[in-house]
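Novice: Letter by letter, the chains look like this.
2 protein chains.
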Amino acid sequence: MAVFLTDKVIALSQALSYDDHPFAAEARAAVYQAIFSRRDVRGQFQPDPIDDTVLARLLMAAHHAPSVGFMQPWNFLLVRSGDVRRRVHDLFAEANDEARAQFSGERRELYSRFKLEGILEAPLNLCITCDRERTGPVVLGRTHIKTMDLYSCVCAVQNLWLAARAEGLGVGWVSIFDPARLQTALGIPERIVPIAYLCIGRVSHFHDRPELEKAGWLPRLPVDELVYLDQWGQPAADDDPLIAALRAMRQDAAAGLWPV
Amino acid sequence: MAVFLTDKVIALSQALSYDDHPFAAEARAAVYQAIFSRRDVRGQFQPDPIDDTVLARLLMAAHHAPSVGFMQPWNFLLVRSGDVRRRVHDLFAEANDEARAQFSGERRELYSRFKLEGILEAPLNLCITCDRERTGPVVLGRTHIKTMDLYSCVCAVQNLWLAARAEGLGVGWVSIFDPARLQTALGIPERIVPIAYLCIGRVSHFHDRPELEKAGWLPRLPVDELVYLDQWGQPAADDDPLIAALRAMRQDAAAGLWPV
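Chains as they are written, first to last, in my numbering: chain A, 1 to 260; chain B, 1 to 260.
Treat each hint with caution, since some may be false.
Same chains, same names: a pair is fine if it fits in one copy or spans any two.
[Claimed, not checked] Keeping only pairs whose Cα atoms sit at most 16 Å apart, straight-line, the calculated EDC-like set for lysine to aspartate or glutamate is: (1) K146 with E98; (2) K115 with E94; (3) K146 with D83; (4) K146 with D178; (5) K115 with E190; (6) K115 with E133; (7) K214 with D230.
Read the hints as simulated data drawn from the structure, not as lab findings.
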């Protein structure tokens, strides 16, 4: 039936073998392009509905995230109903008033100017959840670090987000809610953890950099200063080739040689 | 300087504009190929070192993950030292004995046969951490859901994992440790949360499906059965076009039309 992608893409995809070789240069560039041009979209949603075949690909991408012990603990709760979305939007508005009050002075003023969600404008909302008991109480790989199943679901979010960027769709992760009340609004039982509430849709444009960076909320950190070697707090040597490569990359980015 | 990618790839990358259009078919296929052929690698590592320019790209990919309030709470603790890795491996071995004991009968026997880490064989280990206080106590987007900064770091892990796949490198996430003792072994202070301990390196081959699926530990779930509509537990109609598309995609996969 070949609904997944066009026949051409299937052929391309089959031509890539599962061996030890890196992807061809063009294919690598595409993966990095998705990673570097992905944005958290709040204000640029267009109302036209998402093609169901495209949405199916996004869910399939999420479903193929890594999951601890292969438990696949996620569900995909699509929110199409206007009523439910209005209820969720009310919860956001209330929580956002509380959030704003936690900042003061200029920060509060700047915060007030941000648009932080597209719940009603995006054609689709999607809540990705975690069922912590999906495969029973003992899970391979979760015996010692109990949060691993939550992390698996976050990997699913990121897979979907990157696939959406490649499909030309914007995704925004809304996190300003009282989680218990969000759970009630969506009928989600207590034992299930909502991981991400996402707004998805076509966008007028993608920003060239994250909006909070552009607005001067916080600067992009120099990545080479976040690297430690062998023990926490121990920087790599200044002439370590990795550090040199990271610095050169930052200079390339500043010179517009690659699009970050 | 253009160290990021070859000049050719930079040109390709610049040709992709930041607008509302989807990527070209070939580029979309590459993104899905990374997503669907990514594996949790434990047993196929080759010892040759990772090129520092490639590693720099992986860290840059991780650094461009979404982060709540643009706080970028991650650090990248590279573990090159053999001594430190042996200490970490000892912690794994101890925890894995405890983990095995939690299964019984045939499951325990099957568990015993799994290789679950490549700490000593992979040329590099990397611990990605979360500094919850990086930008002070109040974080935009974390006022109501306190785990958002942890989730940001998981997005960084998944970005790195997909970029590594495109570069032909395998990544394995090891989660069978007493987290407090792992923290001590790496000198990580209490206020910092280790999110993922990764083994990274060139591999002899990538498995065509997840190893736990191949070994019959658990089956791949039918994704269409994980979808709800508007309220938890409410399935979409059987003739919903999204459900039809997901089922058709599963049939395509079973027929080998796309590589999942």
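Novice: So, for every hint listed, does it hold in this structure?
Specialist: Taking the hints in turn, this is what the structure says about them:
Proximity of K146 to E98 under the C-alpha cut-off of 16 Å is restricted to the inter-copy arrangement: shortest distance 15 Å between copies versus 31 Å within a copy. In this assembly of identical chains, the alpha carbons of K115 and E94 lie at most 16 Å apart only when taken from the same copy (14 Å versus 49 Å across copies). For the homomeric pair K146 and D83, neither the shortest alpha-carbon distance inside one copy (36 Å) nor that between copies (27 Å) is at most 16 Å. In this assembly of identical chains, the alpha carbons of K146 and D178 lie at most 16 Å apart only when taken from different copies (11 Å versus 23 Å within one copy).
Taking CA atoms no more than 16 Å apart as the test, K115 paired with E190 passes in neither setting, with 30 Å inside one copy and 35 Å between copies. For the homomeric pair K115 and E133, neither the shortest alpha-carbon distance inside one copy (36 Å) nor that between copies (24 Å) is at most 16 Å. When the C-alpha separation of K214 and D230 is checked against a cutoff of 16 Å, the pair qualifies neither within a copy, at 34 Å, nor between copies, at 35 Å.
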